[in-house]
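Listed below are the residues making up each chain.
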Amino acid sequence: MNFLPRTIFAVLFGLLTGTASADATLLNASYDVARDVYKDYNPMFQKHWKATTGETLELKQSHGGSSKQVRAVADGLEADVVTMNQANDIEFLADKGLVAKDWAKKFPNNASPYTSAMVFIVRKGNPKAIKDWPDLAAPGTQVILPHPKNTGNGRNTYLSAWAWALRQPGGNDAKAQEFLGKLLKNAPLFAAGGRDATTTFMQRKMGDVLVTFESEAEMIAKEFGKGEFEVVYPSLTMQTEFPVAVVEKVVDKKGTRKQATAYLDYLWSKEGQENAAQNYLRPRDTELLKKYAHFFPPVKTFTVDEVFGGANKAFATHFKDGGTFDRIYTQK
Amino acid sequence: MAARTHRVLPGFGLALGYTLVYLSLLILLPLGGMILKASDLGFAQIIDIALGERALAAFRVTFGASFLAAAVNAFFGLIVAWILVRYPFPGKRFVDALVDLPFALPTAVAGITLATIYAGNGWLGRFIEPLGFKVAYTPAGIVVALTFVTLPFVVRTLQPVIEDIEPEVEEAAATLGASRWQTFYRIIFPAIFPALLTGFALAFARAIGEFGSVIFIAGNLPLVSEIVPLLIISKLEQYDVLGATALAVVMLAISFVMLLGINGLQWWAANRHRNSEPPEAAAGKAKGDGE
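Protein sequences appear in the order of chains A and B. Going left to right, the first sequence walks through residues 1 to 332 as the working numbering numbers them. Going left to right, the second sequence walks through residues 1001 to 1291 as the working numbering numbers them.
Calculated from the structure, these hints are not laboratory results. One or more hints might be untrue.
[What the hints assert, rightly or not] Here are the simulated lysine-lysine pairs, DSS-like style, with alpha carbons at most 27 Å apart:
1. A:Lys205 x B:Lys1134
2. A:Lys68 x A:Lys39
3. A:Lys182 x A:Lys320
4. A:Lys249 x B:Lys1037
5. A:Lys182 x B:Lys1134
6. A:Lys68 x A:Lys96
7. A:Lys313 x A:Lys68
8. B:Lys1037 x A:Lys68
9. A:Lys205 x A:Lys124
10. A:Lys106 x A:Lys254
11. A:Lys39 x A:Lys254
12. A:Lys290 x A:Lys222
13. A:Lys39 x A:Lys258
14. A:Lys47 x A:Lys291
15. A:Lys300 x A:Lys175
16. A:Lys258 x A:Lys60
17. A:Lys253 x A:Lys106
18. A:Lys185 x B:Lys1134
19. A:Lys320 x A:Lys175
20. A:Lys105 x A:Lys60
21. A:Lys291 x A:Lys39
22. B:Lys1037 x A:Lys320
23. B:Lys1134 x A:Lys128
24. B:Lys1037 x A:Lys96
With these hints in hand, go ahead and build the complete structure from the sequences.
Here's what the structure looks like:
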C-alpha cells in the first residue's frame, strides 16, 4: 500500500523539475472551445521560440467560459496573455487597468487573429426550407440557441438577427426589436451554453434550426456525421472576432513581455494562421482563406463595430438588465 | 441547572474555541464579506433588484420548485428509508449504496442525463410527452432535477432514527389495542418527525442553491423557467458583481428565515411531549383518549 505516497512524490518531483527546466513560463487564459486551437498551436510556438532564441518556454493553458476567465484574471489569475471570444471581455480588463487601453491596436486586424461567422444548422434536406433570418421568426419554426443574455454564442445570434432586421428597407430599432420578439418566441428553451445547444439540437432532436459558429458546424460533422445536417448561410451575419491581448500588469511583474508578445504575434504567422484554418476558424491570411475555401464559402458579414458601435455599446444596449432583451419579455 | 457539570473528556474550552474559529473562517467570513459587499448598494436598491419582474419570477420558480422537490423527497424518502431499515431483501446493500449516488455525481452530469432521458426522444420523454406531460425544458424538469439531487438528504437522516425504533414498541402498541394506523400515527411518526423535518430542511436548502443540474433541463426561459442562481450568473456576465450579490443576499435572507421556521417547528415537535406536559398529565390524557 505504499505505492501511493511514492507516486505522489514522483508526480510532485516531476512537476517541480518540469517547471525548473523552462527558461520562462507563459499562462494563456482562454475561452472554452479554444482548447483544440491552442493544443496544436502551443507546441508549434515552443519549437519556433527555441529555434529563434534558444529559450525553452513552458506554456500553460487555462480554459473556461470567456467572462469567467476574464474575472479570474481581474481577481489575480496570473495569465500573461488572454485569448477570448468577445471584445467586451477584454474591454473589462482594460477598464481594470490590466490590459492596455488601446489593446485592439496592438496587433493587426483589431487584435483578432482569426474570425468565424454565425450560421444556421438545419436538418438533412432542410425540410422547413430555412434560408434566412425571417424563416426563423416564422410561426411554427423552432429555433435552438443558447441564452442570449448569458452566453457569447447567444448574444452573437441575437445581434446578427438584429443587424439583419436593421438593414432591411425601412428597418429601424423598433422593427428590429419586434422581429427579435417573434424570433425568440420560437425558442422552446435557452440552452446553457453553445455545446448544450448543439446536444439539444443534434442528439435530442429538438427544434428545426440551430444557430451557432461556423467552426462549430465542422465539430458537429466530426461528432454526428456529415449526412445528418446541412449548413445554411444567411444573407447577412456577424463576423465574430476572437481578440487577444497581453496582460500588461502580469508580464511586467514576471518579466515575460517579450515572450508574451511574440506568442501572440506568431498567431498571424503562416503556421499560426494555417492552424486556425485547420480548426475551421477563418484565417486573416487571404491566401490561406482561398486554400481552405471548401471550409469557408463566401458570406456577407458585418462587424459589431460597424453596426453597433463596439462590443461594449452593443452589450449595454441589448444585454444589460433593462436592455432590449429584457424589454422583449417584460413589455407586453 | 448546575453551573459546572463534570465532563468525562477534557478540553471543552479548546474545542469550543476551535469550533468558533473554524465556523467563522469557513462560513461567517465569506457570508459576511458578501453582505458587506451588498451593503454598498443600500437597502432600497437591493429590494429594487429583488422586485424586478424577472427576479420575482425567478424567486417564485426557485423556492416553489425547491419546496416541491423537498416535499416529494420527504414522502418517498420516508418510504425508501423505512424499506431499507425494516425489510431484508436481496440486493439491499446495492440499493442502499444507490441512494448516495446523487451526492457523488457531478450535478452537471445529472442535469444533462435527466434532460436526455426526459427530452421528446428520450427513454422516458417519448412515453410521457404524448400523454401531455412535458418535463424537459419546463418548470417540472426543475423539480425532477432537484428531487434527484436532494434524495439522499431525507433517506440518510431518517435511516438511523428508524433503526432506533425498537420493533417491540410497535408490538406493545398492538397488544394495547392500537390499530396499524394508530401505531404509525401515534407511535412511529412522532418519533421520526423531527428527523423528517431535518431531512426536508436539508433537501430544501440544497435545492435552493442548486445550479449545475437545473440549467441543463430547465429551458431557462425568462419569466417561466429561470432560477435565481441563473440570474446571478447573468449579473456576473454583465460584470455587475453588486447586483449579483444583492440577489444572493436576498436569497440567503429568505432561506435563513425559512430554515429558522423549520428548525422552530422541529424543536416544537421534539419537545412538545417532553416539556409542555408533565408526565402525569400526559398519562391522564392518554387514559382519557383510550376511553
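* Asked: Between Lys291 (chain A) and Lys39 (chain A), is the straight-line Cα distance small enough, at 27 Å or below?
  -> holds (23 Å)
* Asked: Given the proposed pairing of Lys249 (chain A) with Lys1037 (chain B), does the C-alpha separation stay at or below 27 Å?
  -> holds (26 Å)
* Holds or violated: Lys39 (chain A) to Lys258 (chain A), with C-alpha atoms at most 27 Å apart -> Distance of about 22 Å is within 27 Å: holds.
* Are the Cα atoms of Lys320 (chain A) and Lys175 (chain A) separated by 27 Å or less? -> Measuring from Cα to Cα gives roughly 20 Å; hence the hint holds.
* Does the structure keep Lys182 (chain A) and Lys320 (chain A) at a Cα separation of 27 Å or less? -> Within the cut-off at roughly 20 Å; holds.
* Verify the proposed pairing of Lys39 (chain A) with Lys254 (chain A), using a straight-line Cα cut of 27 Å. => holds (23 Å)
* Holds or violated: Lys68 (chain A) to Lys96 (chain A), with C-alpha atoms at most 27 Å apart -> holds (15 Å)
* **Given pair status - Lys1134 (chain B), Lys205 (chain A), alpha carbons within 27 Å** => With Cα atoms ~15 Å apart, Lys205 (chain A) and Lys1134 (chain B) stay inside 27 Å; holds.
* Does the structure keep Lys1037 (chain B) and Lys320 (chain A) at a Cα separation of 27 Å or less? -> Between Lys1037 (chain B) and Lys320 (chain A) the Cα gap is close to 21 Å, so the pair holds against 27 Å.
* Asked: Lys1134 (chain B) and Lys128 (chain A): Cα distance at most 27 Å?
  -> Satisfied, since the Cα-Cα distance of roughly 24 Å is no more than 27 Å.
* To do: Could you grab the alpha-carbon distance between Lys1037 (chain B) and Lys96 (chain A) and see if it respects the 27 Å cut-off?
  => Roughly 18 Å between the alpha carbons, so the hint for Lys1037 (chain B) and Lys96 (chain A) holds.
* Taken at face value, is the distance from the CA of Lys222 (chain A) to the CA of Lys290 (chain A) at most 27 Å? -> Between Lys290 (chain A) and Lys222 (chain A) the Cα gap is close to 22 Å, so the pair holds against 27 Å.
In summary, the structure agrees with every hint in the numbered list given earlier.
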